[in-house]
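Peer 1: Given next are the chains, with one letter for each unit.
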Amino acid sequence: MSGLSHRRGVSRLLGRLELVVIWVVTAVALAPFLWLMVTAFKHRTDVMSPTPKILFSPTLSNFHEAFVIGPFTTNLINSLVTASASTLLCLVLGLPAAYAFSRFRVYGEKHVFFYVLTTRMAPGIALVLPLYMFFQSIGLLGTLTAVTVAQTTFNLALVVYLMRNFFNDIPRELDEAALTEGAGEWQVFTRIILPLARPGIAVTAMISFLFAWNEFLFAFMLGGTGAQTLPAAFPGLVTPHGTYWGQLAAASVVVSIPVLIMIWFIQRHLTRGLTFGAVK
Amino acid sequence: MTRKTPWGGWQWLVPMMAFLLIIELWPFLVMLDQSVHYLSYTQPGKNGQFIGLDNYRKAVFDDDLFHGVSVTLLYMLIALPVEFVAGLALAVLISYHMTLKRIVMPLLLIPMVLAPVVVGLVARLNLNPDFGLLGIMLRELGIAPEGLLGTPFNAFLTIVAVDVWQWTPFVTMIFLAAIIGMPREPYEAAVVDGASRWHMFRRITLPMLQPIIGVVLLLRLTDAFKVFDQVFIMTGGGPGAATELLTIFAYKVNFAYWNLGYGSAVVALLFFISFVMTFTVMKLVNRMSRGKA
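Here the protein sequences line up with chains C and H, keeping their order.
The first sequence: position 66 = 66 (our numbering), numbered continuously.
The second sequence: position 280 = 280 (our numbering), numbered continuously.
Rather than coming from a laboratory, the hints here were simulated on the basis of the structure.
Quick reminder that beta carbons are idealized off the backbone N, C-alpha and C, glycines included.
There could be a bad hint or two in this list.
What follows is a set of in silico ranges between Cβ atoms, one per label pair, in the way DEER data are often shown [to be verified]: (1) H:Phe153 - C:Gln267: 37 to 43 Å; (2) H:Gly142 - C:Asp169: 54 to 60 Å; (3) C:Leu260 - H:Gly142: 32 to 38 Å; (4) C:Tyr115 - H:Met182: 30 to 36 Å.
Not the full set, but computed from the structure, chain H residues with beta-carbon under 10 Å of chain C [what the hints assert, rightly or not]: (5) Trp10; (6) Ile51; (7) Leu65; (8) Phe66; (9) His67; (10) Ser70; (11) Leu73; (12) Pro106; (13) Gly132; (14) Leu176; (15) Pro183; (16) Arg184; (17) Pro186; (18) Lys226; (19) Met277.
Reference listing, derived: stretches of chain H covered by chain C, where coverage requires no fewer than 3 residues with Cβ under 8 Å from a Cβ of chain C [unchecked claim]: (20) 89-96; (21) 139-147; (22) 263-273.
All chains, full assembly: derive it from the sequences and hints.
Peer 2: Following this line, the structure appears as structure tokens:
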């Protein structure tokens with residue numbers, strides 16, 4: 001009897017220890033990011049303080065410098081425009097394709113699918129060089145169009161893959177019933193499938209927006225100075241004369257806010273989204 | 001079941017395929033064409049000259065490219081096993097405390113969903129030896145007083161550590177999802193038999209995770225191969241070329257030295273490698289899902 005209660009005591013201790021480990025790991029994962037967030041609200045002297053300041057008088061001066069005096073508001077607008085436009089473009093191009101992959105025996109399906117996936121797996125630099133030369137040759141380098149189109153390339157595969165999964169979840173009996181009633185395939189798609197898939201479309205759109213919003217290399221290389229997005233503006237503040245920590249931290253806060261908000265909504269679907277449906 | 005439709009369903013793919021042909025295939029072919037020509041700002045007189053496979057031959061014997069391959073391989077070789085073991089351990093721990101999952105998981109996922117440039121900035125700020133949270137601690141301990149990004153060896157270990165920090169939760173997230181999806185019966189039977197938790201992990205959890213393990217490894221492999229942004233912000237490939245991953249090397253050849261002919265060949269090779277990796281991923285994922293059905 002005493003042996004049993006001893007064992008129970010040990011396992012309770014072990015359970016407590018596990019909780020401590022989990023919380024410590026979480027703290028380690030979060031602390032560096034929180035430090036950057038906090039830095040955004042510090043005066044310059046507090047940012048550079050050789051003893052880390054936990055308590056300080058908060059200020060919005062960094063945000064003022066970056067977004068009112070500095071050019072970051074333009075960058076913010078560019079980010080919003082390109083991320084939204086490329087998400088929309090992805091949906092327009094990808095939804096019919098995803099529907100076809102879900103419902104029909106598409107001729108050559110495997111090969112098309114593989115091609116679409118390759119563009120997602122290839123390193124950004126391998127996609128950006130051909131696009132750079134392409135946009136240069138047609139005179140679109142440094143425009144919002146170039147950035148939008150480029151960001152569509154790597155999100156299209158994701159949209160097709162995710163939406164096919166979501167379409168597969170809608171019972172086929174629904175479209176077959178409508179087809180026997182005399183509806184056409186296009187009507188089935190627009191009147192029945194799309195409305196039913198609305199939650200899936202919302203999730204897909206959010207993930208694709210996030211990727212475009214966070215994207216750096218395409219915007220940096222193809223946007224130039226004319227269509228610079230928020231992330232693409234970062235290297236400009238890391239100069240040989242020093243790093244503008246306050247402004248960078250303020251910009252980081254603004255870049256991260258939509259990401260943090262959306263993660264609450266799409267958390268459940270993130271596993272699927274980031275593993276290409278390999279894990280549900 | 002899928003149904004038949006006229007034209008093999010291709011009318012539904014027209015918008016997407018048109019886009020892919022114009023925006024991806026065509027520029028890619030132009031780049032391949034460029035890779036067999038001379039194009040650089042060092043000798044403009046020779047620009048446009050057809051040189052066959054010279055650029056590819058040069059790439060195969062290029063020490064700097066070989067260095068990039070080594071750095072990338074070493075990066076993956078250290079980061080992936082660490083992420084794998086730590087991620088799995090954390091997933092199992094959290095699975096013992098499911099009430100915590102709802103609070104802890106979204107917090108853990110934050111480093112992963114942040115913009116890579118923000119990740120790079122977080123690392124730079126925290127590692128700064130003069131005012132960074134971690135940098136000051138390390139300096140007080142007498143480790144790397146010049147800053148972790150200051151010496152080649154430390155800088156390399158640091159970019160690996162940042163990858164571990166950013167992507168371990170990804171591994172945890174997938175394994176946790178897999179563990180939650182497992183049937184409960186084997187565990188209940190094991191509890192009745194008085195099996196220890198370690199035993200249950202070795203004999204039940206690990207074997208059942210087997211199909212997922214390959215998927216996780218290959219997803220991480222392709223993602224680690226793609227890494228660019230955060231390293232670009234943290235070190236730009238330096239000091240020297242200590243953190244010059246293959247992707248950063250390819251960037252420099254093209255957009256720092258403007259050696260576009262040779263750079264096209266390098267990028268074509270990069271494409272080929274990622275193509276082979278994607279093929280492997282697909283094969284594995286397919287085999288796994290067929291095994292489940």
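Peer 1: State whether the coverage of the stretch 89-96 of chain H by chain C holds or is violated, taking the criterion as 3 or more residues with Cβ-Cβ distances under 8 Å.
Peer 2: Our answer is that it holds, as 4 residues pass the Cβ test (under 8 Å) against chain C, meeting three.
Peer 1: Is the interface hint for H:Leu176 satisfied, with its Cβ closer than 10 Å to some Cβ of chain C?
Peer 2: At 9 Å from the nearest chain C Cβ, H:Leu176 passes the 10 Å test, so the hint holds.
Peer 1: Given the hint of 54 to 60 Å, check if H:Gly142 and C:Asp169 actually sit that far apart at their C-beta atoms.
Peer 2: Since H:Gly142 and C:Asp169 have Cβ atoms about 57 Å apart, the given range 54 to 60 Å holds.
Peer 1: Holds or violated: the hint that H:Phe66 contacts chain C, with Cβ atoms closer than 10 Å.
Peer 2: Check failed: Cβ of H:Phe66 comes no nearer than 18 Å to chain C, outside 10 Å.
Peer 1: Classify the hint on H:Pro183 as holds or violated, based on whether any CB of chain C lies nearer than 10 Å to its CB.
Peer 2: Status violated, d = 15 Å.
Peer 1: Three residues minimum, CB to CB under 8 Å: does the stretch 139-147 of chain H make the cut for coverage by chain C? Let me know.
Peer 2: violated (count 0)
Peer 1: Taking the CB of C:Tyr115 and the CB of H:Met182, does the distance hold inside 30 to 36 Å?
Peer 2: holds, 35 Å
Peer 1: Take a look at whether the Cβ-Cβ distance between C:Leu260 and H:Gly142 falls inside 32 to 38 Å.
Peer 2: Given about 37 Å between the Cβ atoms, the range holds.
Peer 1: With a cut-off of 10 Å on the beta carbons, see whether H:Pro186 makes it to chain C.
Peer 2: Violated - the Cβ of H:Pro186 stays beyond 10 Å from chain C, reaching only about 20 Å at its closest.
Peer 1: Any CB of chain C closer than 10 Å to the CB of H:His67?
Peer 2: Violated, because the Cβ-Cβ distance from H:His67 to chain C comes to roughly 16 Å (cut-off 10 Å).
Peer 1: Would the hint on H:Pro106 stand, with a C-beta cut-off of 10 Å toward chain C?
Peer 2: At 6 Å from the nearest chain C Cβ, H:Pro106 passes the 10 Å test, so the hint holds.
Peer 1: Mind checking the CB of H:Lys226 against every CB in chain C and telling me if the closest is under 10 Å?
Peer 2: holds, 4 Å
Violated hints for the displayed structure, listed by number in ascending order: 6, 7, 8, 9, 10, 11, 15, 16, 17 and 21.
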